[in-house]
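Chemist: On the provided structure of chain A, position chain B as indicated by the hints.
Each protein sequence line maps, in turn, to chains A and B.
Each residue of the first sequence is one higher than the last, beginning at 1 in full-length UniProt numbering.
Each residue of the second sequence is one higher than the last, beginning at 1 in full-length UniProt numbering.
FYI, nobody ran anything at the bench for these hints, they're computed from the structure.
Check before you lean on any hint, since a few could be wrong.
To be verified - Restraint ranges, calculated between C-beta atoms of paired labels, are given here:
| hint | chain 1 | residue 1 | chain 2 | residue 2 | range |
| --- | --- | --- | --- | --- | --- |
| 1 | A | Q49 | B | T141 | 31 to 39 Å |
| 2 | B | L116 | A | D10 | 37 to 45 Å |
| 3 | B | V104 | A | P36 | 18 to 26 Å |
| 4 | B | S5 | A | P36 | 31 to 39 Å |
| 5 | B | K48 | A | P36 | 34 to 42 Å |
| 6 | B | Y112 | A | K29 | 48 to 56 Å |
| 7 | B | L113 | A | Q49 | 19 to 27 Å |
| 8 | B | Y112 | A | P36 | 47 to 55 Å |
| 9 | A | G30 | B | S6 | 29 to 37 Å |
| 10 | A | P54 | B | V104 | 25 to 33 Å |
| 11 | A | P54 | B | D90 | 46 to 54 Å |
What the hints assert, rightly or not - Interface residues of chain A toward chain B, partial, derived using beta-carbon atoms under 10 Å:
| hint | residue |
| --- | --- |
| 12 | F19 |
| 13 | F23 |
| 14 | F27 |
| 15 | G30 |
| 16 | G32 |
| 17 | D35 |
| 18 | C37 |
| 19 | F41 |
| 20 | Q46 |
Using N, Cα and C, we set each Cβ at its ideal position, and we do this for glycine too.
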Amino acid sequence: MNSVGEACTDMKREYDQCFNRWFAEKFLKGDGSGDPCTDLFKRYQQCVQVSLAPDPPRRLLQPALFSAIPPKLPGCLSI
Amino acid sequence: MKIWSSEHVLEHPWEMVTTAAMQKYPNPMNPRVVGVDVLDRHVDPSRKLHSHRLLSTEWGLPSIVKSTNISFTNMVSVDERLTYKQHPQDPEKTVLTQEAIITVKAVSLSSYLEGLMASSISSNANKGREAMEWVIHKLNTKIEDLAVSARGSIRTPMAAAAALVEKK
Numbered sequence: 001m002n003s004v005g006e007a008c009t010d011m012k013r014e015y016d017q018c019f020n021r022w023f024a025e026k027f028l029k030g031d032g033s034g035d036p037c038t039d040l041f042k043r044y045q046q047c048v049q050v051s052l053a054p055d056p057p058r059r060l061l062q063p064a065l066f067s068a069i070p071p072k073l074p075g076c077l078s079i
Numbered sequence: 001m002k003i004w005s006s007e008h009v010l011e012h013p014w015e016m017v018t019t020a021a022m023q024k025y026p027n028p029m030n031p032r033v034v035g036v037d038v039l040d041r042h043v044d045p046s047r048k049l050h051s052h053r054l055l056s057t058e059w060g061l062p063s064i065v066k067s068t069n070i071s072f073t074n075m076v077s078v079d080e081r082l083t084y085k086q087h088p089q090d091p092e093k094t095v096l097t098q099e100a101i102i103t104v105k106a107v108s109l110s111s112y113l114e115g116l117m118a119s120s121i122s123s124n125a126n127k128g129r130e131a132m133e134w135v136i137h138k139l140n141t142k143i144e145d146l147a148v149s150a151r152g153s154i155r156t157p158m159a160a161a162a163a164l165v166e167k168k
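Okay, chain A solo, but in the shape it has when bound:
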């Protein structure tokens, strides 16, 4: 899957691999140890912010409607 910024796609994929591994092997198993992907994420983020800077998507500036409505189901994933 590509990034919104072409230059960021490789960094994104590297970060995604790290995150997906941590998510399945650590987070879902209740392992509270630290996130090993922070450096990769920072690098990837810097690239994305630069890509979005000239024309940030309008919706990012508006709070999502659902953020004001807490989900009623604890212990579940809300996307």
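Modeler: Just chain B, lined up with the frame of chain A:
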């Protein structure tokens, strides 16, 4: 405002469904999604993981819309929430709840158009569920392939799923 909601049971455990949800794109059912980016991600003190993601989509506006410079994003917005929860009676299943709020600014939308939009959301919801089944099937198939070729390697299915992600 109009609220649309739907509930659906996926015949897969919650861990598999959430792993698939994190890797939902690309998939053949959603060709319009051309990019996915994580804008923020953190685990809060209650150990809840928050991910703020941006999906880039291409819809190929017809030329008449381009020429008259109509921006529907000014008039209509759709907020959608999907919630995956372990099935209360069966831990091997997951309940997906989908909700959508349609907001129209300044223009009074006829009930016919509201109905059309709800129809469209509903049909997209079906595609989204097919997409999840496709991603889960892909993850499961590769887990089986890895298990067959692993030869004595002791790995849980989820670790194998993570390993196949690294191979991609």
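Chemist: Hint by hint, note whether the structure agrees.
Modeler: Results of checking the hints against the structure:
| no. | hint | in the structure |
| --- | --- | --- |
| 1 | Q49/A x T141/B: 31 to 39 Å | holds (37 Å) |
| 2 | L116/B x D10/A: 37 to 45 Å | holds (41 Å) |
| 3 | V104/B x P36/A: 18 to 26 Å | violated (45 Å) |
| 4 | S5/B x P36/A: 31 to 39 Å | holds (38 Å) |
| 5 | K48/B x P36/A: 34 to 42 Å | violated (19 Å) |
| 6 | Y112/B x K29/A: 48 to 56 Å | holds (50 Å) |
| 7 | L113/B x Q49/A: 19 to 27 Å | violated (37 Å) |
| 8 | Y112/B x P36/A: 47 to 55 Å | holds (53 Å) |
| 9 | G30/A x S6/B: 29 to 37 Å | holds (31 Å) |
| 10 | P54/A x V104/B: 25 to 33 Å | holds (29 Å) |
| 11 | P54/A x D90/B: 46 to 54 Å | holds (49 Å) |
| 12 | F19 | holds (8 Å) |
| 13 | F23 | holds (6 Å) |
| 14 | F27 | holds (6 Å) |
| 15 | G30 | holds (8 Å) |
| 16 | G32 | holds (7 Å) |
| 17 | D35 | holds (7 Å) |
| 18 | C37 | holds (9 Å) |
| 19 | F41 | holds (7 Å) |
| 20 | Q46 | violated (12 Å) |
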